[in-house]
Amino acid sequence: MVKIKSILGILTVVIALLGYLPLQAYIDPSARWFFPAALAVGLILQRKGKVLPPRAVTAVSVLLFVYFAARFSLQNLIQVTADLLVVFLGIRMLGERSGRNYLQVFALSLFCLAASSLYNLSALFLGYLLLLLVLLALSLVVLTFHSHDPEIALERQEAGKALTVSFLMPVVSVPMLLFLFVILPRTQFPLWNFMNPSAATVTGFSESVKPGSAASVTSVKGTVLRAVCRELPDQQLYWRGIVFNGFKGDAWVRLPLPAERVVRVGEGLPVSQEIYPEPSRNPYLLALNIPASLSGVRNEAAGDQVFVSRTPLERRLKYQAVSFPYGALKVAGGIDREEYLGLPATVSARVRSKGEELARGGSSVQKLKLVEDFFRAQRLTYATTGLPVGADAVDSFLFVKKRGHCELFASACATLLRLAGVPARLVGGYRGGTYNAMGGYYVVTEDMAHVWVEVYQEGRGWVTVDPSAWSSGFASGRSAGRELRMYFDALGFYWNKAVITYDLEKQISLVRTAGVRARDLRLPRGVLPVAGWWTAAAGAVALLLTLYLRGGVGREARLLRSLLRVLARRYPDASGGGRGLFELAESVGDERVKEFAALYGGAVYGDRELTAGELSRLREIIREIRQEAT
Amino acid sequence: METLPKRDEMVSVLDTLVGKHLQGKMRALRLSLMALLTGGHILLEDIPGLGKTTMALAFASALGLSFGRVQCTSDLLPSDITGLSIFDRTKGEFTFIKGPIFNNIVLIDEINRAMPKTQSALLEAMEERRVTVEGVTYQLPDPFLVLATQNPVEQVGTYPLPESQMDRFIMRSGIGYPPEETEKGILRHGSIRDEILHIPAMASREDLLEAIETVRTKVYIGEKVTDYVYAIMKATRNHPLILTGISTRGGIGLVEAAKAAAYLHGRAFVAPEDVKEVARVVCAHRLIFRPEQEGVDKEQILDAILKDIPIPLT
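Chain order of the listed sequences is A and B.
The first sequence begins at 1 in our numbering and counts up by one.
The second sequence begins at 1 in our numbering and counts up by one.
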């Protein structure tokens, strides 16, 4: 018979130790010594059948709480919490054992283990955690027995069965766990939404810029991408996506132009980014202006440093980019100027004459300056409502309404420059970004979609110019509640980063690194022999206990089992379940089996131990029959 | 292994009897000997003419014991069994003439034909092992075995033994038809009744007393077998078809019979198989079934119960 109470007692001690051990190196010495002392006293009291009065336990816990809580300050928040957790665990081990107290021990152990992760998070933690979880499942099952009847005792066999089943529960739940926590979150689309794949949205920038197509622009706040990089000045935050170099009627579009050979991209310090775009149906890969190289996803780079992904961006992925925020895009051997001087179908007389006026301005740098002066003189306002519409939107924007959004600013600027004989093109992308200091990344949202201009200057190359900056009222506002939103955004970002875009390669390299680290693992000098002695001693004690508990009974059972096994081989017909040994001997008709039965029965049914002589004779009989059988 | 005194003699008596004179009666003879060794009595329940009397006679003479026989009828008086005092004219006093019960082995034929008064007198004598007639108590001889027979078929004009009195018999068994070959041989050679009267004694009364003493004191019953016996008793008590299971006296009988069986097997300890061997004959007649289950065969139910209880092996 096995007492449930004693099983539960052992499990609880082991669980409490699992909570204490990982934390003990980091806590206050008083707490470190209190726990083992409390555990020992609790065990002694339990053995003697005594229970500390609950009032005394409460008084002790209040005193200790006051003692430890007195040191509380913001600097040692974690320290005090850890101390208190261990002390309470000790008090629980000291006090009376009831169902509620057991549960408290379990919870406190988990908290202690969790607290230890604040100090040190190694692979050992995972071991502790797994062991603790399995033991907790086991203990909870045992606890239900206990709560049913604290004095309940099970047959050895029954207890074994119950423990095995409850041990299997956490083990069996592993596949489910894997499914819930590893496979499900990695699916790219919601499972219940697979029939509707258009979950991805078209980003705020489009593949054509047609000024005057809408009277107002409504901005959506959806996230476009997150880019991990260092914090940059606001005026450098241009996320370059697409280049519009020609016209289709009045609309700026991207035409396939003869390849230009980029000699150098920008100047100064490069900024490398790791970019996590949100799923989109747009193939253009965004990167900080001016991108020099882009890797991590299969892509095609055009001569104007526009990167088009070859894999659909409708799934979550990530890529790396290196950009130079300063300088220009230098092209070897110049450009095809004619291509960059094309004009839209409709150009009003006022615009044309303004352009011709600018054409007399001298060098391209001077012309650009003239355009800027003109824009500023016109007192153009940046707005997203009340925009000029129609084919002559640029004219209306420059001379009548004098308000517009980035598309109007950029196309008006580029058109004027082209009229003035300066090669210019439009660049579509995003401007700005909210830096999440917690995660160390920028969040770019749809409402930051922007169009600006690149002007070709002889000797320098393509220079970035943002005409919208010449307006009044163009600034990026910051919304309230930013901190909290950033916090949640960081959570979501880490989820995507750690779970969804987590790749196998990274996992393998992690394991490899862990292997290398494990090889270099060194225990402090002197720990190994001591630990070895303790392990050996504990093993010996466990062995002796097992022998003591199982004693002679096990020996006889083993003998009988091996006899039955060899009999089943020697006399396959005779061995039948539910028969006594003498019956079996009779039916087999083997004198040796009869002798075995007589010797064995004499001891077992005569309530005495087998003598050494009998034992050796029994073994000999088994050996003889086994030899015959083979 | 220590040898049990007189065990070999007892077994050889059985073997000789079965081999020479009483073919096919091994089981009944063995049970009778076991009953004798435990100091109990046996009830043979079978149709007439299967050799019960022959067997009893042969058994008695082979063991060198005295034999008495009572044929029961409805007007048999207790004094016909116990004996009575008769006035002796020459001496001028009453002398006690011993009845047939004053023998080592007493065959009570068709006990259910006797009237209850006679039955109870007989059963009292079996239990007390003494007879009191007219104020004087006479000790019955030792060893003492009553072999009662009962005809299960013919029930007209009988007084069936109540369950409480059945309990007095340590065993109840059938005798069964002899095997085919044996029966043919019997047919060819005729009855052997005369021959049996001249069977020489193969053991003495002293041998038997020693054997009885050995069974009582030398055969050990261990904890595990006691548990097994108790499990059987408990199972009969909890069985849904059974109204009254095995009583404590029944349990004692089971243990004693098992001891005798172990003795005959030459073991100084009782094995569960010994219990199993005698359980049917010792227990079946003690079970009282619920009224609606009267017709069920008691031995079959007992077999089923025995099958369900695992034999203790370790």
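FYI, nobody ran anything at the bench for these hints, they're computed from the structure.
Treat each hint with caution, since some may be false.
As the list claims (entries may be wrong) - When the alpha-carbon atoms are kept at most 25 Å apart in a straight line, the in silico BS3-like pairs for lysine-lysine are as follows: (1) A:Lys210 with A:Lys161; (2) A:Lys369 with A:Lys401; (3) A:Lys402 with A:Lys369; (4) A:Lys594 with B:Lys234; (5) B:Lys234 with B:Lys307; (6) A:Lys210 with A:Lys5; (7) B:Lys234 with B:Lys224; (8) A:Lys210 with A:Lys221; (9) A:Lys594 with B:Lys307; (10) A:Lys594 with B:Lys117; (11) A:Lys3 with B:Lys224; (12) A:Lys221 with A:Lys3.
Said to hold, decoys possible - Partial chain A-side listing against chain B, Cβ under 8 Å, derived: (13) Leu560; (14) Arg592; (15) Gly606.
Heads up, the beta-carbon is just placed ideally off N, CA and C, and yes, glycines get one too.
Quiz item: Which of the numbered hints are not met once you compare them with the structure shown?
Solution: 1, 4, 6, 10, 12, 14
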